[in-house]
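> Since the structure of chain A is provided, determine the placement of chain B on it from the hints.
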Amino acid sequence: MLIFIILAPIFLLLLYFIVQPQPVSIPIKGRHVFITGGSSGIGLALAHKAVSEGARVSLLARSLSKLEEAKKSLHLAYGVDVGIFAADVRDYDAVKRAVVEAGPVDVLVVNQGIFVPQELKKQDLDEVKLMIDVNLVGSFNVVKAALPSMKGRKDSRPASIALMSSQAGQVGIYGYSAYSASKFGLRGLAEALQQELISDNIHISVIYPPDTETPGLEEERKIRPKMTDMIAGSGSVLKAEEVAKKTLDGIKSGRFSISFRLEGQMLAIAAAGASPQRSFLIAFFEVAFAGVSRIVTLLFLSNVYRSITKSHAN
Amino acid sequence: MVLFTLILAPLLLLLLFLIVRPKPIIIPIKNRHVFISGGSSGIGLALAQKAVSEGARVSLLARSLHKLEEAQKSIREAHGVDVAIFSADVRDNNAVERAVAESGPIDVLVVNQGIFVPGALENQASDVIKSVIDVNLTGSFNVIKAALPWMKNRKDGAPASIALMSSQAGQVGIYGYSAYSATKFGLRGLAEALQQELISDNIHVSVIYPPDTQTPGFEQERKIRPELAGIIMGSGGGALSAEEVAKKSLDGIKSGSFSIWFNLEGYMLGFSGAGFSPQTSFPVAFLEIAFAGLSRLAALFFVWSWYRIIQKKHAN
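The listed protein sequences correspond, in order, to chains A and B. Going by this note's numbering, the first residue of the first sequence is number 1, and it counts up by one from there. Going by this note's numbering, the first residue of the second sequence is number 315, and it counts up by one from there.
Hints listed in this document are in silico derivations from the structure and should not be mistaken for laboratory results.
In the DMTMM-like style, the derived pairs of lysine to aspartate or glutamate whose C-alpha atoms are separated by at most 20 angstroms in a straight line are:
#	chain 1	residue 1	chain 2	residue 2
1	B	Lys466	A	Glu119
2	A	Lys310	B	Asp515
3	B	Lys444	A	Asp91
Predicted, not measured: the structure shown is a model, and the values here were computed from it.
Bound-form chain B, shown alone:
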């Protein structure tokens, strides 16, 4: 039995090495143009700081000019570098197109804007639901579509990247996050299709799945989060700092990883729901296969524990 595994494992690794597509890639960011939507605060701003520190030319897009100017100032103070800022609402595709055109050819597009308004569906106003979908999902299409011509005509032949900021709530739907989870799941469907469409242009798609992250948005959200959501989500790891998320995100983008996961929960969810997301790294593919069953089992345990919590609360 042990011999069986000892022979099979290397064979499987070899098979994976030969078949995994798309192939692995390295995406440099030094001296290249990184365009970040939702870049004035939270994870977006942390990403901007990291990219600037690695020598990238950075542009930020967000709604509030005031917040953008503050972000610009903080980056100048920290790194002595000026980032370009563009004020636009991602729901306005004309405004987004103008901003993108003004910023010039893009090498790394980080589609990171997002709003989250927690609340059970029955308590959420239909216009709030619509705005979450408009900003997080439709808005992402607007940003990508505006940027695409500027990515395809980039001067250097080096690989480019489109990174989409999803969430662990985009790996599993959570009580109180129906609209938010819907948009974050949606980004994955977009990404899987988009990668097939853009591979021939040497543009590589990454989907980032952070857990709770310490950002101003998170602070706000925690105050109004339904109690059950807090208990269920609290069962995962603690909140990460925006810097940690930014570092891991950028590393993943630079290595052309399709899925960028965080902490044990993230990997478990990633392996159990690998589905048809591409995997460019054959060792990771091997791990996905080896741990797929265990991950699904772990996921089933989590689901069991969440429903127990819900039923217990309901009984009280």
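For reference, chain A alone in the conformation it holds in the complex:
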């Protein structure tokens, strides 16, 4: 027992020295925040939060009418005008034009996403392609379009690229093969990108929200397979404002992985892999609880597969 009491501080000290990249603080007041998928849901909630904290905000989305409504709601709430740009993220040239017109970006929030739950055996390949093209290829387009101005910025303060993943990007769930694939993909992009951009003082954050109350979730729930609901339906459903607040806080403290509530933290520890951890305190918890969290996930999986087998037998 005594051994642990002595070891722990030494261990903490070790972690303090080895965690890379180093922690960083990213201000948003007076800076340019560019949000894709910003006309509704989490994106719009993020826009509200950023505007309320004094950022200059730009929104990119497909529908001009939804963008105008978003712009109006923000103007009504804060008396501030946000820039709006209508473009489909799958169209690299259109995204590039929008980003150039918006001006150099300090905080890029890559948040657009589509989710259509369905068992792969029943799902149309067009839907699969849509999810991968919008959620993953589209994210590459957005990042690539913004990179030159972000890398060439005169401002010496740290900048941020935040990618909206999902808890479905930490665990693949029945009915979400294409959605999970696209969201897992964002993590591979993020880990590689952070290595490429650390020297430019650009910091990557990956956000893993659970189900969030948005128009998107409303639609998705109507068509969700029963099995998916049984497995995924047991988690928390958060309000878009809560997700936005925690997201922005995480971005401002340069967190690589942003999770929500206790279950989200557990997921993050279980799925830590080789993702960077810039907080040595959190790194300590990741290492200390790694074993326990694997037991928990194995129990969860055991449950999941039992339910599936039982459901199939009926």
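Okay, now just chain B, sitting in the frame of chain A:
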């Protein structure tokens, strides 16, 4: 303290033995149909050679008819057996469906096609990025979806397998591999969801995570690899031969392993990022738990060393 561990460990092992799901399984390949996409060269071809040598009936899918014919010839020369060949681009789901239908019911599907074009994201053309994602990820969905009806209606009641070729770059994102890593991470999300959907059909999913492997593709890639990527990746083990990778892959497929890792780095990455990947073997589950903390610590060390390398290079 030692007594504590001595009592806990067997208890934990017992608990794991009782709870791990899905249950372990054996997937025979002798006299069964193995369908390999990206089968005309590299790891795919090595897998074909191994499967043929173990008595499987093999079909190869790839783009180039010429390369397929060469592959067919080399297998005939080595084993006196003819494999079926099908030329199609995995991005064309109609062509893939035709090929699969022609090849007949499938017992083991190896989704192995992949392209990798290294380069920092700012230097990669957006259409190159799109093609990497289209071939490696969307293409894999096309292959699986085409094969599924032919796997579900297979005659024998024996367990079937869908094996997805990921990469160590699918366990950790690497400098210069943003698109490639994205697709290889994506395959894991697909696999975890798919296993839940297909367990009731007695179809078992495996994800294979090879390190650098000596293939024609690798040769090409090395010439254009960014210097930093080479230094960072060089910090892992050396490149494996395609035969080694093929053997370990096939062994993993036959034992229904969900995750097939290679070398110490692979296991460390696997244990530290076990996440929600199923583990059918309770002894391995025990090791995952016992070494999870140490693996995460080791991973943090690796991340530390990579960022040091990057910062040092940048300072010069």
